[in-house]
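Chain E is already provided as a structure; the job is to place chain G on it using the hints.
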Amino acid sequence: MTQTAGALRQFRLPDVGEGLTEAELLQWLVAVGDTVAVNQPLCEVETAKAAVELPSPHAGRVVELLVDAGATVDVGTPIITIDTGEAPSEPAGTGLIGETTATGRTAVLVGYGPRTTEARRRPRRTAETGSAPLLATAPDARTKPVRHGGLEVGRQAEAAAVRADAASSTAVAPGRRGPRPLAKPPVRRYAKDCGVDLATVSGTGAGGVITRADVDAARAAAVPVAVPPAPSAGEQRIPVTGVRKHTAAAMVASAFTAPHVTEFLTVDVTRTMKLRRRLAERPELAGVPVSPLLFVAKAVLLAIGRHPMINSSWDEAAQEIVVHGRVDLGIAAATPRGLVVPNIRDAGRLTLPELAGALAELTTTARAGRTAPEAMTGGTFTITNVGVFGVDTGTPILNPGEAAILAFGAVRERPWVHKGKVRPRQVTTLALSFDHRIVDGELGSRFLADVGAVLQDPGSALLC
Amino acid sequence: MTAVRHETDDADIGDLHEVVDPVPGAGAPHLPRQMDLVQLLTPEGERLEHPDYPLDVSDEELRGCYRDMALVRRWDGEATALQRQGELGIWASLLGQEAAQLGAGRALRDGDTAFPTYREHGVAWARGVDPLHVMSLFRGVDNGGWDPVALGFNLYTVVIGAQTLHATGYAMGVQRDGAESAVLAFLGDGATSQGEVNEAMVFAASFSAPVVFFCQNNQYAISVPLERQSRVPLYRRAAGFGFPGVRVDGNDVLAVLAVTRAALQAAREGQGPTFIEAFTYRMGAHTTSDDPTRYRLAAEVEEWKLRDPIARLMAYLSRSGLADAAFFAGVEAEADALAARIRSGTIGMPDPRPTAMFDAVYAEQTPPLAAQRAEFEAYQASFEGGERS
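As given, the protein sequences belong to chains E and G, one line each in that order. Take the first sequence: its letter number 431 is residue 431 in my numbering, and every next letter is one higher. Take the second sequence: its letter number 241 is residue 241 in my numbering, and every next letter is one higher.
Pulled out of the complex, with its shape left as it was, chain E reads as follows (with noise of 0.2 Å):
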């Protein structure tokens, strides 16, 4: 068959969501030179809805990917040329999809077209004065296209807001959050899965639109900051031998050095246990174990949110109180050589799944033996799980160079007054240790409390 300049197709992307005005090309699914059939799968392309394929609407050899995987597009835009070895069918001009008419409309596709169409409104006839006009005011030919409607007005008002924010940002102090960073719902979903803060993203797409590669740039590029601990001044390395000598001196040196008090709250645990039960079988925990150290971890981590002076350290030194940035969330764990603490870096800014991830990690890791030492410094904030033991709780001691320890007793049924009746509930008492230099007992009571109101009543960290 004759190859001719008409048997080249081009396919513009498609509005495939009622009403989407661009979409991401994920990936392409065919090269250049492959064969292609009609509605084979081209590319999948994710728009603020969902992530779809498009299928071809030509039969031919692909000819030119006009666009790159990872580009973010306007829909209209010709993303393929694919070659059908026919010459078309149709005549030109009669509104084959995605050419432009003699009448100056492009006859994409059904919905709301593309905004190439922008400029393209049919001029008012000059000569005719006949009748009085229609509308008091003529509309604006850059503002409300005749095609378009509110859509098109949308998207400049958005457009402007854009600038606005743009211009606006840059006014921003330094440390000082701006407005909202820009992107669709499923690159903020992927960004969170991900523990990508989108505050600390740039958004390479149209209007700073943070895109997901820029995601991934950002996350490869935390990781090897995330991976070295800050190197404290005087730190010692010690030999994992000596894990023992190591805690006896820690011991010694801070229940002699911070004022200790210690708190104690006994709470209804049943609904976390129920809630536990359910999680445990949702796909995203699957292969994890869901302890209930888990759900003491989440409600410390939601509680510290509320209250970060107890996320603190006392620096004797410069007499100064740090308030951590961060919380790196240290786990006392039994293991073969002593105790150590091992601690999950910057944990508050895990989803559920992945703190529990973390934590069974980290605990096969401390009971084999092979904690690095740089886990087990730095930490910010201690849980030490004695309910294991069997024990109803206990005074822990701090692990120096922090403000506040959480200790976690054993679970027990026990007759409990529940709605105005001796009931057989989950119970279990939270011990709390802080430093009195830095945490007031008004603090310390509060952080409990808040502790032991998540655990009772999971639902309401929701209202975190």
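The set of hints was computed from the structure by calculation and includes no laboratory data. Since this is a predicted model, take the numbers as computed values, not measurements. Glycine residues also receive a C-beta, built at the ideal position from the N, C-alpha and C atoms. Hints may contain errors.
Covered, in the sense of this in silico footprint (three residues per stretch, anywhere, with C-beta under 8 Å from a C-beta of chain E), are these stretches of chain G [said to hold, decoys possible]: (1) 194-202; (2) 276-290.
Distance ranges between label pairs, derived from CB positions [what the hints assert, rightly or not]: (3) L322(G) x G195(E): 40 to 46 Å; (4) V159(G) x S445(E): 23 to 29 Å; (5) G19(E) x Q229(G): 25 to 31 Å.
Just chain G now, kept in the frame of chain E:
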């Protein structure tokens, strides 16, 4: 775990799941106990008998059921692809619900009238609607091109549940005409939460109207799983309105046919309404604008693939020698031709005249409407290249 409320505890949100069916994970639906479900063809293609629903069906009809379902599925797939290519504004896929729709559609007789939602492509097919008349609606070219009176198939209704009122009112008219025909009202599980659906059922019961409510429970009201909407299986709601409710395996075309036939016949004979819950599953998205992976598990979809309505009839036809490879190949070729006709017919649809929107508002033009039309025509004519009236 039993469906017993915890006497000691309060109503945590998660406990709602335990009222209907035990739901591990995020609401995977479970087929109800066998005694609740009318089934004549198992997912493996084994033919069962049911004491209340003997089925009188010829071999030709069985092959016809297969052909209809296979062709409608192909139509549906082509329509989804055309939407992704920008040729349709939206598409509501019926994938997985072919048996429920063809079983119900084939149970209708001449003179009966069906009131569809916007997903009843299979019923449309069974009633003889040209697929292109459905495609034109989803392309935005017209409001649906078929004759609802001649075909006994009302126009698609996008407002959720509204058609149940239309159907009940129509059935009351049939009753007053003394006609011996029935009305089949389609609805989804989500519509059962709508006020007008409940109103329709109250009226249908009060007047013993010859209407059958055919609910395709495809498990999700867009993203909301059924157990969030109903604490009892849907078919049991009928008891509260005072008419029979029956749950049928919606992926079993024979059971749906038998149950719907019986319900329509009861309606024609003056025994009043029936509520049919066709227990099925929407294998695709709610519409092409929806992403079902955000609210349901892949494992659940995989589980339902094993209950495919077409595969089980194919297994039965093959095993019992009612159809051979040539038959299936013939249907396949027919499906290819249908898909090609739908593709070229859809792409070739001319744009409607802008003034066409005035044509079918009322049977007769009203003076205000005529004035609006004239004004609009003048406005259109004010552009270069525009229509001159």
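Query raised in the report: If you check the beta carbons of L322(G) and G195(E), does the distance land in 40 to 46 Å?
Result: violated (58 Å)
Report task. Kindly confirm whether 25 to 31 Å is satisfied by the beta carbon distance between G19(E) and Q229(G). Result -> At 28 Å between Cβs, range holds.
Query raised in the report: Between V159(G) and S445(E), is the Cβ distance one that fits in 23 to 29 Å?
Result: Hint violated: Cβ distance 56 Å, outside 23 to 29 Å.
Requested in this report: Go check the stretch 194-202 of chain G versus chain E for me, would you? Three or more residues, Cβ under 8 Å, otherwise it fails.
Outcome: Three-residue rule not met by the stretch 194-202 of chain G, so violated; n is 0.
Query - 8 Å C-beta test of the stretch 276-290 of chain G against chain E, three or more residues - result: holds (count 4)
In terms of the numbered hints stated before, the structure departs from hints 1, 3, 4, listed from lowest to highest.
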